[in-house]
Structure formats: structure tokens, C-alpha cells
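Chemist: In order, the protein sequence lines correspond to chains Y and V.
In terms of UniProt numbering, the first sequence opens at residue 1 and continues consecutively.
In terms of UniProt numbering, the second sequence opens at residue 1 and continues consecutively.
Calculated from the structure, these hints are not laboratory results.
Heads up, a few of these hints could be off.
Mimicking BS3-like on lysine-lysine, the simulated pairs with C-alpha atoms at most 30 Å apart in a straight line are [claimed, not checked]:
#1 Y/K150 x V/K328
#2 V/K43 x V/K226
#3 Y/K266 x Y/K6
#4 Y/K332 x Y/K226
#5 Y/K150 x V/K150
#6 Y/K226 x V/K150
#7 V/K43 x Y/K150
#8 V/K226 x V/K328
All values derive from a computational prediction rather than experimental measurement.
Listed below, chain by chain, are the residues.
Number of protein chains: 2
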Amino acid sequence: MQEHLKKVSAAIDKLLAADRYPQTIRPDYLRAAVLDYPQNGGKRLRPAILIWCCRLLGGRESAALYPAAAAEVCHNWTLVHDDIIDQDTTRRNRPTCHVALAGGSRSRFGLAAAEADRTGRDFAILTGDIQQGWANDLLLRATEHGVPAKVTVGVMRRFQELANRELICGEALDVEFSLRMLESIGLDEVREMLRGKTGALLRFCAEAGAMIALETDDPETPEVRKLGEFALAAGNAFQLRDDYLGIFGNFEMLGKSLGGDLREGKATILLLSTLQMASAADRNRLLRMLGHREYTPHDLETVRRIMVDSGAAGVLEREEAELADRAKSILKEFPANVYRKCLLELVDYLIEREK
Amino acid sequence: MQEHLKKVSAAIDKLLAADRYPQTIRPDYLRAAVLDYPQNGGKRLRPAILIWCCRLLGGRESAALYPAAAAEVCHNWTLVHDDIIDQDTTRRNRPTCHVALAGGSRSRFGLAAAEADRTGRDFAILTGDIQQGWANDLLLRATEHGVPAKVTVGVMRRFQELANRELICGEALDVEFSLRMLESIGLDEVREMLRGKTGALLRFCAEAGAMIALETDDPETPEVRKLGEFALAAGNAFQLRDDYLGIFGNFEMLGKSLGGDLREGKATILLLSTLQMASAADRNRLLRMLGHREYTPHDLETVRRIMVDSGAAGVLEREEAELADRAKSILKEFPANVYRKCLLELVDYLIEREK
């Protein structure tokens, strides 16, 4: 799988570097900002899912490449706006988009710090807006590479439904949870949030790959639905794993600070389940431990002990394993080929990122 | 024209009120925010241009209606993000999107003022994002109303080029101008900014209407290009008129505060031309008058006198008249029908808004 992933990554890098759409963006620093995240991108997992689902069903890579690039740019657009909202300062070991634009504005226009921050944020809003347009344009370009216009329109519609509406609703819920009392947040709501924020784009990738391979504009086509469910299950397993590693992971190895999720009092399924399942004493102990500025290894041991004793950690691990199994058994309904193998390995990769 | 405009407005109102796309948006206050500007919209001039250009060339209204609604939602999306950037508090006599969302967050989550402001802004970023998805979805729906998929793809591509990239670049330049010394801003740059910020979406509307009528995906089709040029000329005339009224208008009648453009030191073509053409003494006098907190009628008289004496006001009026004439003479190359009459009257309407 890793070898195939490298090939996808190289193809996406090449396509994005040569693409016309961003070339006429003015001013120059806005163009640089639009290119920044997509060109210094992560693992290109979303393009890989789209391309492999297309190939799994016998579609051509050339037909899937532009939509795959669209999914990657879409992912990066949401990160740019997310980073503004979360006030994050670094991503992938580099300044976030709004921070970089603030720095540029400061020197370029001689602004004081506060005004530069505001200007950086303003330009970053526009950066994400134009990236959304770029993602749509890339998707439309599929028609130049053998995808019938009717299919492109069908894929575009799913893009607006999943990778815009559901995804953004997930982000909005996430913002809302950070403002609400932890006790008022239901597990169902958190699942809905995750389905939008992480699941929707993964699902789009799988569905789009299948629609392109089958040359259909109907997302209700059985193979399309099934692969969409595969991606959703894999995404949910990934998210549960992420929550688990946020407490039980090797923080040094993950490059994360100790107990970051506890500091933020993040409404994860793990935390909410523990609060529901723990004894009254443990529940109160855990609630008192949220929102501290720092955590000692001993604090973390206490939290871990409560999560394990309550049974919540075990429930979560089982749920994660079940989701991964479901994702894999959906895949196994499809013909055995190298792309099915890649997708099966991807499921394992998503839930074993610690190693 | 006014009667036809009312019909367009009613059709757009009806379509937007019944549309499915926003109905599943969660949380509820995000859905309300997404619907707010589009449902309490302005004059629906953009949909009118799209529909009338389509009808001018013999196209059906039903085919143009969804794209017309898309243009309107697109316009409103850009206003939502623009209002955040400009820190505006009211639009159409109601609170701006981020201000309304801040108020809601304050009572809903019991936030202090500063945090409520930030939260309102965050939700407004997401509101605009989802409106962009809605606009794209509306445009794609044209395929359900008799527009061939190939044509829809062609129109969608122009949408990403004009009503996203060019428009957003115009907005970015506008932000930049507010940070630069007035003397460093060239007239050509201001024209480029206006072409993007006001012209691009109007041009899209005219081109899209023509492409739908002619069932072509090629924006280089002569009729499409010509109508695009008509809209650009009309938009530029409108913008020059706007600048002119910002100084010479009847402020009471326009509902604007006296000398708002002077207070902001806004880089209008009128102001920059005056600074280039005025005597050294007048030039310095004018520069000293910018950025005050209030203006007396006597101040305004001085500014008007300088703008007239320098010859800049006259040059601007002539340019505006020439643009309006160009827009009209392009229209006169098309067959005389009721829609041509509407579009001709629209040009006059755009430059005679004071009466």
C-alpha cells in the first residue's frame, strides 16, 4: 500500500503544481497562500481512497485524478478556515495560513500586531473561499479526461451535499460543543459531528471513485452506496482511534503534548462514555481533572485508570474493531485486486498509526 | 422593467424558500443564518440579468431560474464574508450575519461580549462556506430543468473562474488598498479591483444566461462574449456612479452618512483622479481633509469644488456616460424584444439611482 500511496501522492503533487486555476490569482501573496496547504500536504489519503475505489471497479486512473485532486484541495480549504476558528498557530510544523498571512501583512503594510492579526485572518478567509472554487474547478475538469458531463454533474452534487453541507455542519457542531457544558452533550450528537467533520469527505471520495468507474450519476447505485459505507466505517474507526490515542497514546511518538484533549475538555466519545459509565467518585475525580494547564504522567495514569475501570476504554476498543471489520467485510464483497488490497491495508493503517 | 423585475424577485423568493439544500443544515441557528441574507435580499438585479439575457436569446425562463438563484446566493455568500472583513454591523437595516450570530451565541451559550463576537464571526465564516456550496448546488440543479449536463458543466466552470476567483481577488485587492498609502495606489489597480469585486458576477450572469439559451458550453461564443461585455460595461458605469454619489449625492436621500468615503479615505477612481489632476494646493487641501471623523456641509462643498475644478468629476461623468452607451450599443446588436428593453432600462436604472 505504501508504494501505491507514494504514486498517488506524486501524481497529485504534479497536478496541483501545474494547474492553471491558481496561476492568475492576485495579489501574489494570496496566490501563495492558496497554494500553501495543498502543495505542502499531508499523506494524500483522500485522493488515494478516490482513485483506489475507482480502480477497484475497473475505472481508469486518468478519469479519477482531477476529482482526487479536488478532494485534497477541499480538505485543505476546510483546514484553512478551521485553523482560523480554532486559533491554531502551527500545522505540519509550519505557521498556519492566517498566521503566515498576518506575518506577511505586518512587514508588507507596516501594521501593528493586532491589525496584522486581523488582516491575516481576513486574507485567510478569502484564501479558503478561493480554494473552495479551485476544488470545484478541478472536479469539473474531469470532463476533459473522459468523465461524461452527466456523471460529473452527479459527482458535483454529492460534493456539495457531503463535502460542503455535511462537513461544515460537523464543524459548526464542533464549535458549539466547545461552548457547551460537557454534561449537556450527548453521544449521538458527537457521532453526528464526527460523521460530518471526518466522515463526509472520506465518504465522498469513495462514492466519487465508484461513480466515475461505473459512469453513473446516481449515488444510490449499490456499489456506490457500499463503498460510501466502507469509507464512513473506516473514518469512524479512525476517529475512535484518534480519541483513544489522545489519552492512551505514546505522546512523544505522536508529537502531541501530554493530555491535550483533557486540557481542552474535548467532548470525545471516550470521555463522554467514561463519564456515563464511571462510579460517582471516579466521575467527579475525572471532571475535576479537565481543563488544567498541565498534566503530569501521574495525572494521566489516573485518567487512564478511570477510563479502563469504567469499562469505557474497552467498549471503545471493541467498537473500533467492529467498525474496522465492517469496513473490511464491505470491501471483501468486491473482486480481489491490488486496489482492494490497498484499501484493506488502509483500514489497518488508519487504526494503527501509533507504530 | 420594474414590473418584470418584480416577477423575477417573486420567482427567486419562492424558489429559495422551498429549496431542499438548506433544510438539513444543523445546528438550527446555522440554517437560519444561511437563509437570512438570501431570503431578505436586495433588488435581485443579478438574477434578472441572467434570466433576461437568456430570454433575449430565446431561452426558456425555467432553464435559467436555478442558475439565477445560484447567482443571488453567491452574491449573498460574498456579502457575509465581506461584512466580517469590513466589520460592518448593519446591512439592509438589519444586523449583519456575524453580528446576529454573536448576539445569538451570547444568549445561547452565556458568553462574554468578546467571546461572543469571536464565536459569531466563526459561525459566519461557516455560514458563507455553506452558502457557496448552496450556490453551486442550485446551479447544478439546472440539469433537472432542461439544461444539458455539458452546458451545466461549462456554466459551472465560468462560475468558478468569474464568481469565485476574479471576485475574491477583487475583494483581496480592496482589503489591500485599505492598508496602503493612497498615493501608492494606481488607477489601473482600482479598475482591476472593481472588475473583480462588482463586474465579475454581473458578467457571469450575462454569460450564463446566454450559454443556457444557446445550449453551449463555450464562453467564447460571440453572443456570450458580447453579453458578458455588456454586463461588465454596465457594472463599471454603476461603480463610477456609486463613487460619484459618494461625494455629490444627496446623502439624505441615499440613506448614507455625509462623506463616508472621505472618512474611510476610500481609494475611488474619483478621488485618485482628482489627486492626479488637481493643483498642488488643492491636492494638499484634499489630502488633509481625508480620514476626519465628521464632515460639515461646508467641508463637502470644498471637496466637491476641488473635484470639479480639477476636471476629474467631469472626466468621470463622461467615462460613465461612455460605458453606459457601450453597454446599450452592445444590446442594440440583439433582436428587439421585451427583454432587450428591460436590459436597456436596467442600464439607466443602474446609473440613475439617486432619483
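Chemist: In ascending order, which of the hints set out earlier in this document are inconsistent with the structure?
Modeler: 1, 3 and 7
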